[in-house]
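Between the sequences and the hints, there should be enough to build the whole structure, so can you do that?
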Amino acid sequence: MELSPDETIFWQNGFITINLTLVTTWVLMFVLVLVSILITRKLRTDLKISRWQCILEMLVTGMNEQIKEVGLKKSEKFLGFIGTLFIFIAFANLCIIFPGYEPPTSSLSTTAALAICVFLATPIFGIAENGVLQYLKTFIEPTFIMLPFNIISEISRTLALAVRLFGNIMSGGLIVTILLSIAPLFFPVLMTVLGLITGVIQAYIFSILATVYIAAATEESEKKKTRNKRIKHKNQTVIEA
Amino acid sequence: MKIDWFTVIAQIINFLVLMWLLKRFLYQPILSSIDERETNIKNKLLDAESQKKEAAKAKDEFNHKNEIFNKERDELMQKAAAEAKSEGDKLKENARNEANELKDRLEKAFAEDQANKNNNMAKRLKDEVLDMARKTLTDLSSVSLEGQTVEVFLKRINELQANEKAKFSEALKGGKPILVQSAFALSANQQGVIQKTISGLLKTENTYEFKTRPELINGIEILTNGYKLSWSVTDYLKSLEEDVEAGKKVEMDTNE
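First to last, the sequence lines map onto chains A and B.
Heads up: the first sequence begins at 19 in this note's numbering, then just goes up one per residue.
Heads up: the second sequence begins at 4 in this note's numbering, then just goes up one per residue.
Wrong hints could be hidden among the right ones.
No farther apart than 25 Å at their CA atoms in a straight line, the calculated lysine to any residue pairs in the SDA-like style are these [to be verified]: (1) B:26 x A:75; (2) A:92 x B:34; (3) A:66 x B:41; (4) A:92 x B:26; (5) B:45 x A:58; (6) B:47 x A:62; (7) B:45 x A:93; (8) A:86 x B:38; (9) A:92 x B:37; (10) A:92 x B:96; (11) A:86 x B:5; (12) A:60 x B:5; (13) A:86 x B:41; (14) B:45 x A:61; (15) B:5 x A:134; (16) B:26 x A:69.
Rather than coming from a laboratory, the hints here were simulated on the basis of the structure.
This is the structure we're talking about:
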């Protein structure tokens, strides 16, 4: 029994391997981009819009609001990264309704790749917002003693991200496969429906955790800005008085 | 369950490419479309607000104009009503005057008609009376009415009172001729008798002038220098006419 789509190899030449995970990912990417192009090609800016445009707008504005709610004020800046994480994972998980489909998220390589992206994005956004020193300073907070724990935390949460998504999706697929051999009727359908819910929830969890990590990394800058604003406001009030 | 590092690297690249593509074809167009729509809505709201203000202004202006119009209309109505009333009064006054004039004319015409009727009646009466008298006298004594008239006139001259005679004589002193007028043509004999009677009465010689006047109605009169002596059936007829009128009046009063 194959547990991961990585094991289905189409072409291999040394280190380079074209497996089911990559092929499925490319198909998913193609569909997502094609649908986006088709819908956004006829975007209308007046009050009457198409249903598809409405759905896309709801999706984009919903993600934007979620990012804002977590604490990232400049949500548009992070929408590309976090939104793509959510859309890709959710779409990959929702496609399990197609028979014979193997979600790329049930491959540890894919989830690890996504987790590495988050692992890399967190310091990149943090440094971009606060500068290198300020970002590195967050590792020795509240005290210098916390440095190893903060580093371990950084690595472990990345690992947790990868394993959580992989475990959930892989286990869902595995359960359906096992149930198919035990009770081929009815139960697999129920499990697939459950898998759809789990898939969307996992996509949400993955992207919201990524947002929280980025928010934590960029928090210092936001705090500073708020503090500066408060001081400015106070000074202005004093001057006016 | 192992990690294929080529797949990991490939998926990282795939994810980055997907992120760029979605940013290019999904987020940017959708966000700019939303922004544009928001701007449009904002502009439309601003437009609506300004139009609302303009509408309110136009409404106020309209109301103001309407008030002025109503005021002017009321004034014109009042003016027209006053003019109509004055015109009506004028027309009524004219109609009343015309009616009065017409009434006067009718009354006048009626009076004239009545007078004509009375005249005709008097004439008919005179003719009838004279005719009757003439016939009666002819039947009774074979004398003519004219001859009898001359007789009666002569008798009146002869029976003149002293003061009357004095007045007559006084009138003759002017030397004017005595004008004898009669309803019928006097014969030479009758003229001579009249001349003789007057000369005998006044003891004077006078010149005479005889004229025929049918309106005297079987009468004779003497005129000289303001003095007049006459006898005719007209007097009796007048008295008869007066009696008839008096009788009519009494009858009308009784009817009312």
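Please flag the earlier hints that this structure goes against, numbers listed from lowest up. As far as the earlier hints go, 10, 11, 12 are violated by this structure, in ascending order.
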